[in-house]
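As they're listed, the protein sequences go chains A and B.
What the first sequence shows, in my numbering, is residues 1 to 175, in sequence order.
What the second sequence shows, in my numbering, is residues 1 to 160, in sequence order.
It should be emphasised that the hints constitute simulated quantities derived from the structure, not laboratory data.
Treat each hint with caution, since some may be false.
As the list claims (entries may be wrong) - Far from chain A by the CB rule (all over 10 Å, computed), these chain B residues:
#1 54
#2 80
#3 103
#4 106
#5 144
#6 148
#7 151
Stated by the list, open to error - Output of the computed footprint for chain B on chain A, the stretches with three or more beta carbons under 8 Å from beta carbons of chain B:
#8 101-114
#9 131-139
No experiment lies behind these values; they were computed from the predicted model shown.
Note that the Cβ used here is the ideal one computed from N, Cα and C, for glycine as well.
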Amino acid sequence: MRYALPLGLFVLVVILLAVGLELDPRRVPSPLIGKPLPAFEMETLAEPANMLSRADLDGRPYLLNVWASWCVACRQEHPLLVELARRGTITLIGLNYKDTRADALAWLADRGDPYRLSLFDADGRLGLDLGVYGVPETFFIDAEGIIRHKHIGPLDAGAFERDIAPLIERYGDGS
Amino acid sequence: MRRPSALLLAAFLVLTALTALPVAAADTPLSFDDPVRQQRYDDLLAELRCLVCQNQSLADSHADLAQDLRDEVYRMLDEGAGDAEILDFMVERYGDFVLYRPPLRASTVLLWGAPLLLALVAIGVVVRLARRRVPPPAALSDEERARLAALVADEKRGQP
Numbered sequence: 001m002r003y004a005l006p007l008g009l010f011v012l013v014v015i016l017l018a019v020g021l022e023l024d025p026r027r028v029p030s031p032l033i034g035k036p037l038p039a040f041e042m043e044t045l046a047e048p049a050n051m052l053s054r055a056d057l058d059g060r061p062y063l064l065n066v067w068a069s070w071c072v073a074c075r076q077e078h079p080l081l082v083e084l085a086r087r088g089t090i091t092l093i094g095l096n097y098k099d100t101r102a103d104a105l106a107w108l109a110d111r112g113d114p115y116r117l118s119l120f121d122a123d124g125r126l127g128l129d130l131g132v133y134g135v136p137e138t139f140f141i142d143a144e145g146i147i148r149h150k151h152i153g154p155l156d157a158g159a160f161e162r163d164i165a166p167l168i169e170r171y172g173d174g175s
Numbered sequence: 001m002r003r004p005s006a007l008l009l010a011a012f013l014v015l016t017a018l019t020a021l022p023v024a025a026a027d028t029p030l031s032f033d034d035p036v037r038q039q040r041y042d043d044l045l046a047e048l049r050c051l052v053c054q055n056q057s058l059a060d061s062h063a064d065l066a067q068d069l070r071d072e073v074y075r076m077l078d079e080g081a082g083d084a085e086i087l088d089f090m091v092e093r094y095g096d097f098v099l100y101r102p103p104l105r106a107s108t109v110l111l112w113g114a115p116l117l118l119a120l121v122a123i124g125v126v127v128r129l130a131r132r133r134v135p136p137p138a139a140l141s142d143e144e145r146a147r148l149a150a151l152v153a154d155e156k157r158g159q160p
């Protein structure tokens, strides 16, 4: 009985530390979940003359993937995106972030283009509105244009099955 | 013999100084002519956290994102935005995490309350320990009382 209090405190500290070690400080929860995609007016990567706004993307759920040719981690997730596009699992929209058109197009030609289209955010304006801080980032947007999920860092099959597959189940795959 | 090497060293120093200057200037935050606005700008950059390096403020960080956010703060101040407006702008996009001083919310009650809670616990422990130090005056048992009476009686008898 004499040791009940120190032992209890010890167990409490161990539990707190164990939870703390499991948390990843890089996963900052996005305040944008449940909010609409910020408004924008932007050229597509492939066609400078083609200006798109938020409303042009509405109507079906899609993954908005923030990428850049200078982004090393983007190479890591790219095969998965290509595979998703090949299988038609979900529509992919790219957001080419702070890149040059020539580099970005060459990168896609090299590695395959899984995107239905890529927005060309050369000055990072939409990236800033989306709170992007670590490329690549991937947002799940539903048919009403509401952000439902944000994945920070390269997407892998595990995270896709765990976080995004249930959302496709719930909001549809955009086909 | 020493002269040429000294000259070379001097030339090297001058060259490095000249090439170093533009690099240093590129990372200097933008500045305002108005000292009040400059002060607000500096204060805001110290209040906001860079999300890439996480343990540096926007003022300290050399990350590209920090540069973008500094430019954004500068632009908003230049357009006459208030401090609260600028902080809200950042929180809307990056969450409370961008603030070095997290606001008091349900999820941060423990964070703000913990120092007070720990102080109360510490005071409680100190008070308990201090009380335990003073031994409680133990009452004499009947046996001890009888023995005391006998000793006192003996003492009295022994007196001249």
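Quick check for students: does the CB of residue 80/B sit more than 10 Å from each CB in chain A? Since the minimum Cβ distance to chain A is about 20 Å, residue 80/B lies beyond 10 Å and the statement holds.
Residues of the segment 101-114 of chain A with Cβ under 8 Å from chain B, three needed, outcome: violated (count 0)
Assertion that residue 151/B lies outside the chain A interface [Cβ separation over 10 Å]: holds (38 Å)
Please check whether the beta-carbon of residue 148/B is more than 10 Å away from every beta-carbon in chain A. With a cut-off of 10 Å, residue 148/B remains clear of chain A, as the shortest Cβ separation is near 34 Å.
Evaluate the condition: distance from the CB of residue 54/B to the nearest CB of chain A exceeds 10 Å. It is violated; residue 54/B is separated from chain A by about 6 Å at its closest Cβ, not greater than 10 Å.
Count the residues of the segment 131-139 of chain A with a beta-carbon closer than 8 Å to any beta-carbon of chain B: does the count reach three? holds (count 3)
Closest CB of chain A to the CB of residue 144/B still more than 10 Å away: holds (29 Å)
Should the label of residue 106/B as a non-interface residue stand, given a Cβ cut-off of 10 Å to chain A? holds (14 Å)
Non-interface label on residue 103/B, tested against every C-beta of chain A at 10 Å: Residue 103/B clear of chain A: closest Cβ-Cβ about 12 Å, beyond 10 Å.
Hints 1, 8 from the list above are not met by this structure, while the remaining hints are.
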